[in-house]
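Visitor: Letter by letter, the chains look like this.
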Amino acid sequence: MDGMEITVLLFASVADRLGTRRLALDVPEEATVATARDLLLERFPAIEPFLPNLLYALDEEYVRVTQPLTQGATLALIPPVSGG
Amino acid sequence: MDGMEITVLLFASVADRLGTRRLALDVPEEATVATARDLLLERFPAIEPFLPNLLYALDEEYVRVTQPLTQGATLALIPPVSGG
Amino acid sequence: MLIRVTRDPLVSQQAIDAVASPRAGAINVFLGVVRDNNLGREVRYLDYEAYPSMAEKVMREIAEESIRKFGFEDVAVLHRTGKLEIGETSLLIAVSSGHRVESFEGGHWLVNEIKKRVPVWKKEVWADGESWIEGPESLGIQAPGQR
Amino acid sequence: MLIRVTRDPLVSQQAIDAVASPRAGAINVFLGVVRDNNLGREVRYLDYEAYPSMAEKVMREIAEESIRKFGFEDVAVLHRTGKLEIGETSLLIAVSSGHRVESFEGGHWLVNEIKKRVPVWKKEVWADGESWIEGPESLGIQAPGQR
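Chains as they are written, first to last, in the numbering used here: chain A, 7 to 90; chain B, 7 to 90; chain C, -12 to 134; chain D, -12 to 134.
Honestly, the hints are just simulated from the structure, not real lab data. Because the structure is a prediction, the values reported are computed rather than measured. Glycine included, each C-beta is placed from N, C-alpha and C at the ideal position. Possibly wrong hints are sitting among the right ones.
[To be verified] Just so you have them, the derived chain A footprint on chain C, three or more residues with Cβ under 8 Å: (1) 65 to 78; (2) 109 to 121.
[Stated by the list, open to error] Some chain D residues near chain B, calculated using beta-carbon distances under 10 Å: (3) Lys44; (4) His66; (5) Lys109; (6) Trp113.
[As the list claims (entries may be wrong)] Under the rule of at most 25 Å between Cα atoms (straight-line distance), these lysine to any residue pairs were calculated in the SDA-like manner: (7) Lys56(C) with Glu89(D); (8) Lys110(D) with Arg23(B); (9) Lys103(C) with Arg23(A); (10) Lys70(D) with Lys102(C); (11) Lys103(D) with Val71(B); (12) Lys103(C) with Arg28(A); (13) Lys56(C) with Asn24(D); (14) Lys102(C) with Pro55(A); (15) Lys103(C) with Leu64(A); (16) Lys70(C) with His86(D); (17) Lys70(D) with Leu24(B); (18) Lys56(D) with Glu92(C); (19) Lys44(C) with Ala21(A); (20) Lys102(D) with Asn59(B); (21) Lys110(D) with Phe17(B); (22) Lys102(C) with Phe17(A); (23) Lys70(D) with Val71(B); (24) Lys103(D) with Arg27(B); (25) Lys70(C) with Lys103(D); (26) Lys56(C) with Glu66(A); (27) Lys102(D) with Val71(B); (28) Lys110(C) with Pro34(A); (29) Lys110(C) with Pro51(A); (30) Lys102(C) with Asp65(A); (31) Lys110(C) with Leu60(A); (32) Lys110(D) with Ala40(B); (33) Lys56(D) with Glu89(C); (34) Lys44(D) with Asp65(B); (35) Lys70(D) with Ser19(B); (36) Lys110(C) with Asp115(D); (37) Lys110(D) with Glu54(B).
All chains should be modelled from the sequences, with the hints used to inform the complete structure.
Guide: Below, the structure written as C-alpha cells:
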C-alpha cells in the first residue's frame, strides 16, 4: 500500500454544501490534482455542480489539474473569488 | 470726477516683485479689467514681464479683460497656478 | 510593504504611514466599503471568508508586480474578514509614487487584480436570506498556470 | 461636501468621514505630498500661498461638477497653505461612489482640474535659493470665460 495522504481545504459555497472546511484524503501514489478531484466527487457527489467553476491551489499556489500531488500536501478547492 | 475705486490683489511672483499683496486703485468710470491692467503697468512697470501669463478674477470669478469694473470690486491678478 | 489579512477593522492611516516616502509626491488610497445594496437587493451585512495564508501570498505577488509595472515607492494591501456592517472597510490599499498619474492608474490596476486573484469570498446577508457571491465577474478569472 | 483651505495639517480620516455614505461601495483618497526633489533639484521645503476665498469657491465648483459628471455620493477637497515639510500633505481629496471605476477615474479628473483651476501657488525652497513654480503645466490653463 504505497498511497499518500493530503489535506483538502474547502471554502465558501463548497464548504457550506459539504459541511466541512478541512478533510484528510488518501490518494494513490502518482496521483494528480485531477485524481483527488475525482475521489472527492466519488465520496461527496454533492460537490458535482461546483466543479466546473473551481480552481485548485496546491500548497498555496494556483496549479493545473495535471499537477502531481506530494505526501502531506495541502490542496485547496477555490470557488470564484469575490474579495475586495 | 466720476471715478471708481477698486481693490487689487496680487499673489506669488507678482506680489513679491511689487512688494505688496493688496492695493487700492482709482479707475475711471466705465473702466474694464484691461483699463485697470494698463493703469497698473503705468504705475508699476516691473509688472510688464508677468502680464502675458496672468489671468484675472473679478470678485472671485475668472473674467475676460473686457469685463467692466464696478465701484468697490476686487480684482485679482492670477499668475499660472501651481497648487496640488 | 504592508500585506495583511485580518479580522480587525482597517485603519486608513496605517496604510498611508506604511507607504510614506520622501520621494513620493502622490499617495492614492482605495477603500472597498460595504454598501447597503447590491444588484437591487438590500444588504444587511457581509461575511468575508479567506484562505488567509494564500491570500497574503497572492496579495504580496500582486503588490510586487505593481511595483515593477508602475514604479511605486511602496504598496500596502489589507483585507478584512468576518462580519462587516454597512459602511465598514473590507479592502484597503495604498500606493505611493513620484507623480499622480501612476498612483491612480496603478492603484486601479492593483484593486482589479486583487478582486480577480486573491482567495477571499463574500457572503451577502439580506433580511430574508443569504448567499455566497461567486458571480460572473469572478468567473472571468484566469489564474497563473491555470488551463 | 467638505471644502477647505487651511494652514492646519490635513488628516485623511477627516476627508474619508466626510464622504462616507451607506450607498458607497468605493472611496478613493488622493494625497498630494511634498517630495524631496523636483526637476532634478533637491527641495528643502515648500511654501504654499492661496487666494483662500476664491480657492474654496473654485474647489466647490469643481467638486459639484465632479458629482454631476461621475455620480459621486460625496466629495471632500482640502488644500493646505503655508510652509510644508517633505512628506507633509498639501492636497487631500476623497470621493465616494457606488463602484470603484468612477472613484478612480473621477478622483483623477478632480485632482487634474484642481491643479489647473484653483488659485494656489507653490514656492520651492532649495539649499541655495527659491522660486515660485508657475510652470508649463500651469500655463496650459484655460479658465472658464477667459479669452
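Visitor: Does each hint hold? Answer for all of them.
Guide: Cross-check of the supplied hints:
Requiring three or more residues with a Cβ within less than 8 Å of a Cβ of chain A, the coverage given for the stretch 65 to 78 of chain C holds, as 3 such residues are present. Evaluation of the coverage hint for the stretch 109 to 121 of chain C: fulfilled, as 5 residues show C-beta separations to chain A shorter than 8 Å, against a requirement of three. Restraint check, Lys44(D) versus chain B: the minimum CB separation of about 5 Å is within 10 Å; hint holds. Against a cut-off of 10 Å between C-beta atoms, the interface hint on His66(D) holds, since the closest Cβ of chain B lies about 6 Å away.
This hint holds: Lys109(D) has a C-beta 5 Å from the nearest C-beta of chain B, less than the 10 Å allowed. About 16 Å separates the beta-carbon of Trp113(D) from the nearest beta-carbon of chain B, more than 10 Å, and the hint is not met. As the CA atoms of Lys56(C) and Glu89(D) are separated by approximately 22 Å, the hinted pair is consistent with the 25 Å bound. As the CA atoms of Lys110(D) and Arg23(B) are separated by approximately 14 Å, the hinted pair is consistent with the 25 Å bound.
In summary, the hint linking Lys103(C) to Arg23(A) is supported, as the alpha carbons are separated by about 23 Å, within the 25 Å threshold. For the suggested pair Lys70(D) and Lys102(C), the alpha carbons sit about 40 Å apart, so the restraint of at most 25 Å is broken. Restraint check: the Cα-Cα separation between Lys103(D) and Val71(B) comes to about 20 Å, which is no more than 25 Å; the hinted pair holds. Of the supplied pair hints, the one linking Lys103(C) and Arg28(A) holds, its CA atoms being roughly 24 Å apart against a limit of 25 Å.
Restraint check for Lys56(C) and Asn24(D): satisfied, since their Cα atoms lie roughly 22 Å apart, inside the 25 Å limit. Note on Lys102(C) and Pro55(A): the hinted pairing holds, with a Cα-Cα distance of about 23 Å set against a maximum of 25 Å. The straight-line distance between the Cα atoms of Lys103(C) and Leu64(A) is roughly 18 Å, inside the 25 Å bound, and the hint therefore holds. Restraint check for Lys70(C) and His86(D): the C-alpha separation of about 21 Å stays at or below 25 Å, so the hint holds.
A hinted pair counts as satisfied when its Cα atoms are at most 25 Å apart, and Lys70(D) with Leu24(B) qualifies at roughly 22 Å. About 19 Å separates the Cα atoms of Lys56(D) and Glu92(C), which keeps this hinted pair within 25 Å; it holds. At most 25 Å may separate the alpha-carbon atoms for a hinted pair to count; Lys44(C) and Ala21(A) meet this at roughly 22 Å. Proximity of Lys102(D) to Asn59(B) is assessed by CA-CA distance (about 16 Å); at most 25 Å being required, the pair is judged to hold.
With a CA separation close to 11 Å, the supplied pair Lys110(D) and Phe17(B) stays within the 25 Å bound. Distance restraint check for Lys102(C) and Phe17(A): the Cα-Cα separation of roughly 16 Å lies within the 25 Å cut-off, and the hinted pair is therefore satisfied. A distance of roughly 33 Å separates the Cα atoms of Lys70(D) and Val71(B); the hinted pair therefore is violated under the 25 Å criterion. Between Lys103(D) and Arg27(B) the CA atoms are separated by roughly 22 Å; this keeps the pair inside 25 Å, and the hint holds.
The suggested pairing of Lys70(C) with Lys103(D) is violated, with an alpha-carbon distance near 43 Å, which exceeds 25 Å. Distance hint between Lys56(C) and Glu66(A) is fulfilled; the C-alpha atoms sit about 24 Å from each other, no more than 25 Å. Taken as a hint, the Lys102(D) and Val71(B) pair is honoured in the structure, with Cα atoms around 23 Å apart against an allowance of 25 Å. Restraint check for Lys110(C) and Pro34(A): not satisfied, since their Cα atoms lie roughly 36 Å apart, outside the 25 Å limit.
Between the alpha carbons of Lys110(C) and Pro51(A) the distance comes to roughly 24 Å, so the proposed pair stays at or under 25 Å and holds. Restraint check: the Cα-Cα separation between Lys102(C) and Asp65(A) comes to about 21 Å, which is no more than 25 Å; the hinted pair holds. Between the alpha carbons of Lys110(C) and Leu60(A) the distance comes to roughly 17 Å, so the proposed pair stays at or under 25 Å and holds. At roughly 28 Å between alpha-carbon atoms, Lys110(D) and Ala40(B) are farther apart than 25 Å, so this suggested pair is violated.
Of the supplied pair hints, the one linking Lys56(D) and Glu89(C) holds, its CA atoms being roughly 22 Å apart against a limit of 25 Å. Between Lys44(D) and Asp65(B) the alpha-carbon distance is near 11 Å, which keeps this suggested pair within the 25 Å criterion. Our distance criterion of 25 Å between C-alpha atoms is met by Lys70(D) and Ser19(B), whose separation comes to about 16 Å. Note on Lys110(C) and Asp115(D): the hinted pairing is violated, with a Cα-Cα distance of about 59 Å set against a maximum of 25 Å.
With a C-alpha separation of about 21 Å, the suggested pair Lys110(D) and Glu54(B) falls inside the 25 Å cut-off, and the hint holds.
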